[in-house]
Every structure is written in structure tokens, then in C-alpha cells.
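Q: Protein sequences appear in the order of chains X and L. Mapping to the working numbering: the first sequence position 71 is 71, numbers consecutive. Mapping to the working numbering: the second sequence position 229 is 229, numbers consecutive.
Restraint-style ranges between C-beta atoms, simulated for each label pair:
(1) L:177 to X:88: 19 to 25 Å
(2) X:93 to L:101: 22 to 28 Å
(3) L:97 to X:235: 46 to 52 Å
(4) L:86 to X:6: 42 to 48 Å
(5) X:88 to L:116: 48 to 54 Å
(6) X:63 to L:79: 34 to 40 Å
(7) L:155 to X:194: 35 to 41 Å
(8) L:151 to X:222: 52 to 58 Å
(9) X:78 to L:11: 51 to 57 Å
(10) L:141 to X:118: 33 to 39 Å
Quick look at which bits of chain L chain X covers, simulated, 3 or more residues with Cβ under 8 Å:
(11) 159-167
(12) 174-181
Treat the hints as calculated values from the structure; they're not laboratory data. If you're wondering where the values come from, they're calculated on a predicted model, not measured in any experiment. We put the beta carbon where it would ideally sit given N, CA and C, even for glycine.
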Amino acid sequence: MVNKKNIPAVLVDDLSFHYGEKNVLEHITMEITQGSFLGLVGPNGSGKSSLIKCILGLLKPQQGGVYLFGEKVQKFNDWEKVGYVSQKANSFNTAFPATAFEVVSMGLFGKVGLFRFLKATDKEKVWEALRSVNMEEFAQKNIGELSGGQQQRIFIARALVSDPELLILDEPTVGVDVESSASFYKMLDSLHREKKMTLVLVTHDVGVMTDYVTDVACLNKQIHFHGNTKEFEESSSENMSAFYGHHVHVLSHDHEHR
Amino acid sequence: MFPIFKYEFLQNAFLTGIMVGLLAPVLGVFIVVRRQALIADALSHITLAGIAANLLLGKWFALFAGANPIYLGMAFSVGGAIFIEQLRKVYKHYEELAIPIIMSAGIGLSVIFISMADGFNADLFSYLFGSIIAVKQSDVWTVFAILIVVLLFVFFMYKELFVLSFDEEQGKLSGIRSNWILIAFMAITALVIAASMKVVGILLVSSLMTLPVAASIRIAKGFKQTIWLSVLFGEIAVILGMFLSYYLDIASGGTIVLCLVLILTLCILYKKFTGSRKVGHV
Ligand SMILES: Nc1ncnc2c1ncn2[C@@H]1O[C@H](COP(=O)(O)OP(=O)(O)OP(=O)(O)O)[C@@H](O)[C@H]1O
Ligand SMILES: [Mg+2]
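This is chain X alone, in the form it adopts within the complex (with noise of 0.2 Å):
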């Protein structure tokens, strides 16, 4: 019998992808193992994003596969083990009239299925999900009449709603104060220490991720690095350093790109 908690998340198997012409991603290959955190890094356009939607479905490679907890991308069923924040997520349709609450509950469409609606205990759930976000009071308003970091935390909350394995979170932060990227930072903590999720968070904030996230990735069209935090700090001086172009918390130049 296969051991379901050695199956790894996500398993990323030569994957390929690129928009027209241009090459986005080569040859990726990449685990990641149940129960850690992965910091995902790389300068702008180096293809995090993509990487995460193809990992998600969302995106089809023109080369190689996608695996969710040992599924075929394609094939998976049990979206409601996954929450994702995208990155536009506060680019969406702002004066979309749905409150706070509605918004949420989208959330919980995978696990609720086709025909059916939200029960009493659903909706505690999405109660829940509000609060662990500290967006209770704001439950009634719409979304529109939000501000943006409070935007994004209505979509933190709708990925969290489903009780998730596995958290997609594509530059979360963008937008949100320093003190609530702090408590962000903690409860994401908290997600993994006490829930065991699964997480992977794409970032910028090199610096503060390494406090919390087991695992490192640098993409720039390849995996350049991808090892356990304390490798990556290890390595960081000289590796990030050519990653990078210089400073690790300098990101807008890359040797890469044209």
C-alpha cells in the first residue's frame, strides 16, 4: 500500500511552457513535499506566476505534467483540498456587487458541488474563515467598498474557507500594511505548524519569508536553486548574488533578461 503522506503536493515533472514565442518556463522539475512551506522567488517576469497556474490546471504546458497529491493535474477532483490567491486578485471587477460574505463563500463551491447549496454549517465556515482574517465586521459590506490590503485579505479568506491541504499564494502581501503582512506572516505560520498545510507562497520579501518558510525555490525560466532554507542562506551570498544580478533585496535587475 502507498503511504498517502509520502505522496508528494505537488510534483512538477520537466515542465515546459511558453506564451506564443517566448519561452516562459524550461524544464521544470520540482517536489514538493506534504506538510512544508515553500518560498517561491525569482525577479519580475521570471515566471512564478506561470508556474503556479500551470501547477494549478489553469495553464496547459505544451511539454511535460503537473501532479497533485499523485493525480494528474488534469484528472484531479478534489479542488477543495486547494485554496489559491492569485496575484491580481485585487485587480479584479471592483464595483462587482457581492459582499464580503458572498465573496467568500465562492470558496466553498468545489466542496459543495453541482445542484447543491450552503448549509447552516457552511456558512459558520465562512464566519470563520472572516475571522481568522479579522474581517468579521466587514462580512455585509461589498467588496468594492473595501480597501485594497482589506480586499486581499477577503481573498485570503476564500482560499482558506475550504480547510485546504495545500495553499497557493501568489505575492499575497502586495498592498497589505506592514503590521498586517506581520500577522499575515504568523498566521501562515500557524496554518502550517498546527494545521500541517501545505504552503507555497510566492514573494519579494526574501527577507522576511526565510523566517518562516522550510523551503526555498528561485525560478528564472529554470530552477536555479531549490533546497531547504538553511542551504539557501548558506548559499545565498554567492548564488543569490549572481541570481539576482547583486543584492539579494535588490530585484529589478537579472542576468537573464533582455
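Fit chain L with the ligands to the given chain X structure using the hints.
A: Showing chain L with the ligands alone in chain X's frame:
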């Protein structure tokens, strides 16, 4: 009882109007939030082409002379709707181009068919601008059948439609088969447009889909409330508009749309005086 209900044709008109006043705004909510308000216009013009085609065929074949032109109108409309969804994929980055393409094709075809059928007649006028005296018993039943289909679809697909309107990515992640649902939605919209045209007229059918929503979006909290208010506004406008149409002897499309504009104005003013709401900021 109002004296106008003595006449059977007026009963037909009111029954149809009340059903259309519910249908058009319900679908309109999803159309407006997906920023496709103009789709209703494109589909209504392609419906006109179907009606004009029936007019022309009626001159040539006895079979079509007796048929209710609404059916061929529906066929054209549904075909146009499916075509729009396909065109949208061809013009990935200019999705909205699909709408003017279908719209001009619809107008072009209509003009050709109408000319070939030796031009305008009173019948056609009633399709363009709506006419409460032109509604037949068979129209009532057709609209009733559409009402059942649409209500079942929206009731059972509410979650799916809601999530797909808000963000398609999340929809796909919920395991929703978005293509299938969006095509079904477009086909249903096409049916409703064809069904509405006797009462409001082809040129004004899109207003019945979009104006009630435009009004309710100003004041509603949340998505469900937006739907209820849109239906309420749609019904008020249709019923009031039909009374005015009868007593003032004006084409019903005009009176209904003016009622909608009035409601919209009141909602905007109400919002202005009861507090501001941040819209469109991030
Ligand atoms: N829809 C698209 N069509 C064509 N090219 C695209 C599209 N989206 C992204 N790209 C290209 O693919 C490359 C990778 O983009 P991606 O969004 O994955 O980068 P990223 O690492 O997430 O960057 P950022 O840090 O800015 O979020 C970029 O060079 C970009 O120009
Ligand atoms: Mg990105």
C-alpha cells in the same frame, strides 16, 4: 378590476410582460457584471434578422406564412449567441469585438431580408418597438416555457454563474465546467431576448436587461439583493409602461424604457443624497 383586462389580447400582453419583466433583469444581472451589456443589443439585432427572414420566407412558402416569426427569431438568436462565444476565443485579447461583429451582421441581414420582402409593414413595426396588442396566446405559452427553463437553470446554476461572473479562474478551481455553462447561459439569454421582443421591441430589449441592473447596482448590498431589486424594478417598469402604453396609445417599448430611465434616475439621486460609496478604487 381595471377595464383593460376585459380584452383577451391585453391579458396576453400583461402575462407576457410580467414574465419578461422577471426574466430579462435576472439574466441582465449576470450580463452586466460580466461587462457584456452590449451582448443583448447584438442578440436582439440578430433576432430581428430571423424575424425578417421569416417574413421573406412567408412570401415564398405557405409553411412560413402561418408560423409565428418568434421561432425563427429564436433560432437566429441562439445561433448568434453560440457564434459570439466562439468568436470570443478567436479574438482572445479583444473579446468585446465579437459583439459589434454579430451586431452588424444582424443589421445587415435584416436590411437585406426586409428589402427583399418588399419593405416595412405594421407587423415589423410592432417587433421593432413593442406592441401590446400584437401579443398572441401562443406567445404567452412560448414565453411561459422559456420562463420555466430559465428559472430552473438560474436556480440550480446560481453558484456556478456567480463564481464565473466574478472570476473564471476560481470557477475552474471549483471544478466548474465553464465552457458548457457559459454557452448554455448565452443560449438562454438569446431565448429570453427573442421572447421579450413582442412587448418591449427589438430595439429596446437590451434596456430591459441592463437598466434595472444599472439602477439596483447603485443601491443594493450584495449579489442576491442586486438580483431581487433588478427584478422589482423590471416589473414596475413593465407593468407601469404597459398601462401607459394602452391609455396613451404609444408603443409599449417606449413607455417601458422611459419608466426604467425614471427608476434609474431615482436610484442615482437616492444614492447621491444618502451617502457616497467607493466604487472602482483599489
Ligand atoms: N498572458 C500572457 N501573454 C503573453 N506573455 C505573458 C502573459 N503573461 C505573462 N507573460 C510573460 O511570461 C513571462 C512570465 O510571466 P509571469 O507572470 O509568470 O512572471 P512572474 O515571475 O510572476 O513576475 P512578477 O514577479 O512580476 O509577478 C513574462 O516575461 C511575461 O511577459
Ligand atoms: Mg507573478
